[in-house]
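Undergrad: Chain residues, written in single-letter form:
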Amino acid sequence: MTGLEETLPVILALLLGLAVVLYVVLDGFDLGIGMLFFFYPHEHDRDLVMNSVAPFWDGNETWLVLGGVTLWTAFPKAFGIILPAMYIPVVVMLLALIFRGVAFEFRWVAKPRHRAWDWSFAAGSTLAAFSQGLILGGIVQGIPVVNQEFAGHPLSWLSPFSLMCGAAVVTGYTLLGATWLMLKTSGAVEEKARRLALPLLAALMAFIVAVSIWTPLMSPRIAQRWFSLPNIFFLAQVPVVTLVFAWLCWRGIRRNQPILPFVMAVAIFLLAFLGLVISSIPYIVPPSITIWQAASHPSTQVFYLIGAALLIPLILAYTVLVFWLFRGKLKPGEGYH
Amino acid sequence: METVFGIDAVLLARLQFAFTMAFHIVFPAFSIGLSAFIATLEVLWLWTGSAHFHTLARFWTKVFAVSFAMGVVSGIVMSYQIGTNWSRFGEVVGNVVAPLFSYEVLTAFFLEASFLGVMLFGWNRFPPWLHTMASILVALGTALSGFWILSANSWMQTPAGHELRDGIAYPVSWFEVIFNPSFPYRFAHMMIATYITTSMVVAASGARYLIAGRCTREAMTMLRMGLGMLALLAPLQAVVGDLHGLNTLEHQPAKVAAIEAHWEDTGPADLVLFAWPDMQQERNHFELAVPRLGSLILTHDWNGRFQGLRDFPRDRRPPVAPVFFSFRLMVGLGTAMIAIGWYGVWLLWRGRIAERRWFLHLLRVCWPVGFVALIAGWIVTEVGRQPWIAWGILRTADATSPVTAVQVAISLALFVLVYFVVFSIGIRYIHRMIGKGPQAQQTGPDTLPNRPLAGGQPEAREAAAS
Numbered sequence: 001m002t003g004l005e006e007t008l009p010v011i012l013a014l015l016l017g018l019a020v021v022l023y024v025v026l027d028g029f030d031l032g033i034g035m036l037f038f039f040y041p042h043e044h045d046r047d048l049v050m051n052s053v054a055p056f057w058d059g060n061e062t063w064l065v066l067g068g069v070t071l072w073t074a075f076p077k078a079f080g081i082i083l084p085a086m087y088i089p090v091v092v093m094l095l096a097l098i099f100r101g102v103a104f105e106f107r108w109v110a111k112p113r114h115r116a117w118d119w120s121f122a123a124g125s126t127l128a129a130f131s132q133g134l135i136l137g138g139i140v141q142g143i144p145v146v147n148q149e150f151a152g153h154p155l156s157w158l159s160p161f162s163l164m165c166g167a168a169v170v171t172g173y174t175l176l177g178a179t180w181l182m183l184k185t186s187g188a189v190e191e192k193a194r195r196l197a198l199p200l201l202a203a204l205m206a207f208i209v210a211v212s213i214w215t216p217l218m219s220p221r222i223a224q225r226w227f228s229l230p231n232i233f234f235l236a237q238v239p240v241v242t243l244v245f246a247w248l249c250w251r252g253i254r255r256n257q258p259i260l261p262f263v264m265a266v267a268i269f270l271l272a273f274l275g276l277v278i279s280s281i282p283y284i285v286p287p288s289i290t291i292w293q294a295a296s297h298p299s300t301q302v303f304y305l306i307g308a309a310l311l312i313p314l315i316l317a318y319t320v321l322v323f324w325l326f327r328g329k330l331k332p333g334e335g336y337h
Numbered sequence: 001m002e003t004v005f006g007i008d009a010v011l012l013a014r015l016q017f018a019f020t021m022a023f024h025i026v027f028p029a030f031s032i033g034l035s036a037f038i039a040t041l042e043v044l045w046l047w048t049g050s051a052h053f054h055t056l057a058r059f060w061t062k063v064f065a066v067s068f069a070m071g072v073v074s075g076i077v078m079s080y081q082i083g084t085n086w087s088r089f090g091e092v093v094g095n096v097v098a099p100l101f102s103y104e105v106l107t108a109f110f111l112e113a114s115f116l117g118v119m120l121f122g123w124n125r126f127p128p129w130l131h132t133m134a135s136i137l138v139a140l141g142t143a144l145s146g147f148w149i150l151s152a153n154s155w156m157q158t159p160a161g162h163e164l165r166d167g168i169a170y171p172v173s174w175f176e177v178i179f180n181p182s183f184p185y186r187f188a189h190m191m192i193a194t195y196i197t198t199s200m201v202v203a204a205s206g207a208r209y210l211i212a213g214r215c216t217r218e219a220m221t222m223l224r225m226g227l228g229m230l231a232l233l234a235p236l237q238a239v240v241g242d243l244h245g246l247n248t249l250e251h252q253p254a255k256v257a258a259i260e261a262h263w264e265d266t267g268p269a270d271l272v273l274f275a276w277p278d279m280q281q282e283r284n285h286f287e288l289a290v291p292r293l294g295s296l297i298l299t300h301d302w303n304g305r306f307q308g309l310r311d312f313p314r315d316r317r318p319p320v321a322p323v324f325f326s327f328r329l330m331v332g333l334g335t336a337m338i339a340i341g342w343y344g345v346w347l348l349w350r351g352r353i354a355e356r357r358w359f360l361h362l363l364r365v366c367w368p369v370g371f372v373a374l375i376a377g378w379i380v381t382e383v384g385r386q387p388w389i390a391w392g393i394l395r396t397a398d399a400t401s402p403v404t405a406v407q408v409a410i411s412l413a414l415f416v417l418v419y420f421v422v423f424s425i426g427i428r429y430i431h432r433m434i435g436k437g438p439q440a441q442q443t444g445p446d447t448l449p450n451r452p453l454a455g456g457q458p459e460a461r462e463a464a465a466s
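Line by line, the protein sequences are chains A and B.
Its first residue numbered 1, the first sequence is counted upward by one per residue in my numbering.
Its first residue numbered 1, the second sequence is counted upward by one per residue in my numbering.
Since the hints were made in silico from the structure, they are not lab data.
All values reported here derive from a predicted model rather than from experimental measurement.
There could be a bad hint or two in this list.
Claimed, not checked - Only pairs whose alpha carbons sit at most 30 angstroms apart, straight line, appear in this in silico DSSO-like list of lysine-lysine:
{"#": "1", "chain 1": "B", "residue 1": "Lys-436", "chain 2": "A", "residue 2": "Lys-111"}
{"#": "2", "chain 1": "A", "residue 1": "Lys-192", "chain 2": "A", "residue 2": "Lys-111"}
{"#": "3", "chain 1": "A", "residue 1": "Lys-329", "chain 2": "A", "residue 2": "Lys-192"}
{"#": "4", "chain 1": "B", "residue 1": "Lys-436", "chain 2": "B", "residue 2": "Lys-62"}
{"#": "5", "chain 1": "A", "residue 1": "Lys-329", "chain 2": "A", "residue 2": "Lys-111"}
{"#": "6", "chain 1": "A", "residue 1": "Lys-329", "chain 2": "B", "residue 2": "Lys-62"}
{"#": "7", "chain 1": "A", "residue 1": "Lys-111", "chain 2": "B", "residue 2": "Lys-62"}
To be verified - Ranges of calculated distance between the beta carbons of each label pair, as one might list FRET restraints:
{"#": "8", "chain 1": "A", "residue 1": "Trp-119", "chain 2": "B", "residue 2": "Gly-351", "range": "49 to 55 angstroms"}
{"#": "9", "chain 1": "B", "residue 1": "Gly-437", "chain 2": "A", "residue 2": "Val-10", "range": "55 to 61 angstroms"}
{"#": "10", "chain 1": "A", "residue 1": "His-153", "chain 2": "B", "residue 2": "Thr-3", "range": "15 to 21 angstroms"}
{"#": "11", "chain 1": "B", "residue 1": "Met-279", "chain 2": "A", "residue 2": "Pro-144", "range": "38 to 44 angstroms"}
{"#": "12", "chain 1": "A", "residue 1": "Ser-288", "chain 2": "B", "residue 2": "Leu-164", "range": "22 to 28 angstroms"}
Said to hold, decoys possible - Listed below are several chain A residues computed to face chain B (Cβ distance under 10 angstroms; list not exhaustive):
{"#": "13", "residue": "Asn-51"}
{"#": "14", "residue": "Asp-58"}
{"#": "15", "residue": "Val-65"}
{"#": "16", "residue": "Gly-68"}
{"#": "17", "residue": "Val-69"}
{"#": "18", "residue": "Pro-76"}
{"#": "19", "residue": "Tyr-87"}
{"#": "20", "residue": "Phe-106"}
{"#": "21", "residue": "Gly-307"}
{"#": "22", "residue": "Ile-312"}
{"#": "23", "residue": "Ile-315"}
Positions of the beta carbon are idealized from the N, C-alpha and C atoms, including for glycine.
Extracted from the complex, chain B is given alone in its bound form (with noise of 0.2 angstroms):
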């Protein structure tokens, strides 16, 4: 076979798909969270009338629209990979997946996309309600989104409703392919890991401003509402997340077994804190185990037993370690979120939050963690889904395109140049913006001489009667 540096047209097929789309995801998600916040703001302003709540949805709006821009860009590159590098599974189960793909399209992509210039551009020129429908189009836009991907997604890990002829997948019932086994608990799991990472990032951006002392009123508003919902929804995330490893117990034994470092079942099955999985040897070095805890875990009872890896043949089993220690990254980053969001919000309560200085210089640093805790769920789901393309019908290997390693290689290498070229400058714009804060509207130079509603927006009627 054809390699370049040794790395065959299937491995350099699948980096380019992790990397690009582990730099993807992270958009979409911050964008599903973000359109919800900006439209709730945007609520809170029109049911209210507090004019802060203007302020913080425009401000909110400038960086949804860097990012939104990010997520489009790097989102058509995914759709059109599937077709350059992955024309095997592209016709082996197209017939059942790619509808779902479009109805992504349909339902979703327009939507977000036509409204959000409405949104962006549409502050001086149409009324509020106005405005304030499109943002939540677009919110809606971008759930719908996550729906579609989901569940395709889905029915690549516990397929449903088709029949294999000749290897080849057709459909048989579309109720069964679109809402298979796993796809509830993932598309719940996925849309609380939104919400989740994009509290973080508010909250940690209040902490920013509070420490600095300025924009006091906006500060504290993303305080309570980010930590506010995160103190609601990580603790439901731990819930959901544990209805979905019952759920991937049932469905794909062989992940769960990877992700638990579980080789051998031999009896109630001990929790494996840290390990060094030995795919070779097929055991743990250096483990640290409680007993009996992993049966209580998946399967709600001490003397639970469940399949471990020996129980699969070599050449269906996942790889271990990269299951087994994004796992721990996400429960363990879960977990401390859970601490935060508590914490905070009692400190909220009790009115103290400006004075835990401490508490405030960890919070703002902590922006990023629900993006690492997603993706480092993604690894588990994705990975653990290894050897298979779609569980139990196409092997990854079996699937890419009858194009040369070096095509391949060419192209992940400058699509990793771009990527790091173009979105790290992104990141650092949007890090920027939230540097400068939110600043209250002034009608100045920059708005438009045709603006017929200006005179109807709070902070025009405020400026016009001071």
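Okay, chain A solo, but in the shape it has when bound (with noise of 0.2 angstroms):
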């Protein structure tokens, strides 16, 4: 193996998790939002809940084909591998984020005879979510492989730990909805979201702790990689900066503080993602084919990592003029439409 060989794939590894962090803090959020509805029954709540999100929503959605295209690219073995593998829950969360998608546009030209679509809004959100979810979870505990091929059951995903995969990614972004509401938006809204925040973030932590305790059980592997010496002293900063966050979050919804509950809750979510990953490294399928047997050919490589360096820091940079031209909060009964 020459050196660009060795160093490609790491660093298109870290472009891979830059996407699926950037898609779940992004699209976290609004998946949270419809799932937020079904906390909201007014229909004025519910226009000012989406509104919150309705000019964002495509472009955070965007982070996930690039994390799918990003895969392909740059590791075709594991998109050909994982993809098959996960095909139940890969199908599942397409056609729910279609029932979410379309329910941004629907739900105002059907007006006032939009309630199938606050269903199909909320379930899709909830739905997408939790098969999010059980495709981490379905990764993390390891894929059956033969001849570098899927070589499962199309059940192979499911078990108890999935479904709990699923469960927590569904509170998380829940969280993440309710604490952008708390940024977003004044009133009544904003209280209801700062009062659901706090039992989310408690869940939440529960979840996170679940995880941590389960991994290490079901995986000598993963348990040699946290408890093993000298691993132990590096990586025992993780949780204890995760409950720092945690605490952080706590405070500012109590004090009712406008930024710092999100940015906490994203900063748990980062911690959470990274934890899982020192969990997998090197394994892009777990536990068997490494980031190094996943990875293309090192010209397709190099051709899409010049593609990747000029354009996203010019993506994140509109982006970020799209947050700031919809800046402040909304108003009760303010709209877009």
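Reassemble the complex: the two chains are provided individually, in unrelated frames, and hints are given to aid placement.
TA: In structure tokens:
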């Protein structure tokens, strides 16, 4: 293996990580907004809740597409194993995203007969989040591979662990949504979001603790990663910092600060993601295919990296610009339509 | 092999792709054309200050929003389907085509999706120049997306710039991969198709309002812009289509033989107007043909020759009937659109369009003609590529994922169900919105209290002056 073939997959893996992280952070809160529909029965509240993400959701969801094509471009072998292995949750996620995505437009056009699209938005968001958790859990717990092909059952992904990951992602996204509403809305909508945020934070932390205990028990490889010397000294910081962030998030919610709870909820998510990456690395399809085994041709990776290096900063810049253009809190009754 | 109702996993996966793609292709095609139309309207509005351009731009933006949302959600399905159903395709050609999809996301999807928010929700919030800029960026994004997806599709038709090692494609020259031999023709052909498709919808809506006698000023603008574009682009499309055909003959002769239902190369070829192609007996039934015209069209020479289907082994021939009939449908509708465009422009020029009721009634119901032609053309090129998924590199039958037929069958059933329910409702909503028609904006209770720039907009100034 030459130097290039050794380092490129690492850089591409970081890029894939960036796409996943940005997707989870950005689309997480707007899927969360969808699930929060269940808690806001009144039409005008729902209008406001939906409007708080309406200008952004399309761009947010694009990170999911980037994640998919990055996996395909950089690690075609992993793409060819993970997607067939996760066939059912992926299809369910796609169908759920259809219901939730069209609701953003259909709901307004259908008014005053829009109840069905309220359901489509809320249920679609929940199901999409749950499926993403199933996929995450399914990958972390390991995918059966023989001869570099998926060799499991159509339901191999299904386990108590993946179901719990599904519930954890639903909870986490809802927390992100609630803290986003604290940031973007005011009045009764904001107050309700604050009341919901505390139990959601508590539930998310419980899930994080459960995953942290479950994964090393499930896999000696993961236990070895975290608890061997000297790893434990470095890695122990991850849970400690997570706890600090959780405490800051809790305090922010209690003191009704607008920005801190959202930022801390995002930070908790990032650390949880980092934890799962630490558990799985260097495997992109645990427990058998490493990022080097799955990597595409170096020329493909370099070609993609050039585009990514030039364009991702630009994309981030205009994403920030759009968020900035729609800055500030939405007043009750205020809408873009 | 495991089957569901006698259908194996490969055919199920193909049906799923064909079905989800046929639905999907309509929306981005409409988005590419419509975003360019809206950006043009806004530039005209800024330039002339004429409020009816603004009214029209706002009206079509609402339609665009619904269509775009359906394009986005049906598009995510396409990109993930490559992995769920076609993982061997993904692995064999991924080194070469996957980056094209990545570049599509990086250059196009983010651009259109990010500025779409400004375009849809920024009317009362931002100054007109900023809004117009956002609309132009969205239009640019949709066109760039067309660039990359057609480059990838063209590579599957006419692969270049790669080498094969152990059956896997590796890139050699990225320039040759992107600008592969059929790409310039296919790209031009598809882009013009999207603009024609949109022009048809715009002109048909104009006819609808003129018949009803409302929004007359807007209706006339729509007729002028829609029919004008049609009169210009429909004949241009015929020329580009002809060039595309010559290119196909050079690189995919079996596809052209299927298009023409041309079985044997025994002399100058007839142009088969109608026939029932029989793949078993390798001949046409009920053939109606014009001698030598086929040679003239395909080789630009009365005595030109080109290969017939019998020159290719049976297992390298595409299914003839769908290719043959779709091609005739596409060309027939294309010719009809040239006629509609030219006659319409002539009527406009003579100032008689409002009197020609029969023409307006015809135009009104012709809104889907462009879409039908587009899907027919897509069937020609995709079915004509069979039995290959990537011409000469990988057969469709060898490209699927190691998943069970039951999984593919159930997901196909779900996609069919959901698409019919969701997208037919969406199309009905679009129909209803077009039925309502453009309305000049009122500064009413739904506008933003913190709109600092509303005073700068023409209709607000007009309202204040009156």
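Undergrad: Run every hint past the structure and note whether it holds.
TA: Verification of the supplied hints:
no., hint, result
1, B/Lys-436 <-> A/Lys-111, "14 angstroms, holds"
2, A/Lys-192 <-> A/Lys-111, "25 angstroms, holds"
3, A/Lys-329 <-> A/Lys-192, "15 angstroms, holds"
4, B/Lys-436 <-> B/Lys-62, "12 angstroms, holds"
5, A/Lys-329 <-> A/Lys-111, "25 angstroms, holds"
6, A/Lys-329 <-> B/Lys-62, "25 angstroms, holds"
7, A/Lys-111 <-> B/Lys-62, "14 angstroms, holds"
8, A/Trp-119 <-> B/Gly-351: 49 to 55 angstroms, "52 angstroms, holds"
9, B/Gly-437 <-> A/Val-10: 55 to 61 angstroms, "57 angstroms, holds"
10, A/His-153 <-> B/Thr-3: 15 to 21 angstroms, "19 angstroms, holds"
11, B/Met-279 <-> A/Pro-144: 38 to 44 angstroms, "42 angstroms, holds"
12, A/Ser-288 <-> B/Leu-164: 22 to 28 angstroms, "27 angstroms, holds"
13, Asn-51, "8 angstroms, holds"
14, Asp-58, "4 angstroms, holds"
15, Val-65, "5 angstroms, holds"
16, Gly-68, "5 angstroms, holds"
17, Val-69, "5 angstroms, holds"
18, Pro-76, "3 angstroms, holds"
19, Tyr-87, "5 angstroms, holds"
20, Phe-106, "6 angstroms, holds"
21, Gly-307, "5 angstroms, holds"
22, Ile-312, "7 angstroms, holds"
23, Ile-315, "5 angstroms, holds"
Taken one by one, the earlier hints all hold for this structure without exception.
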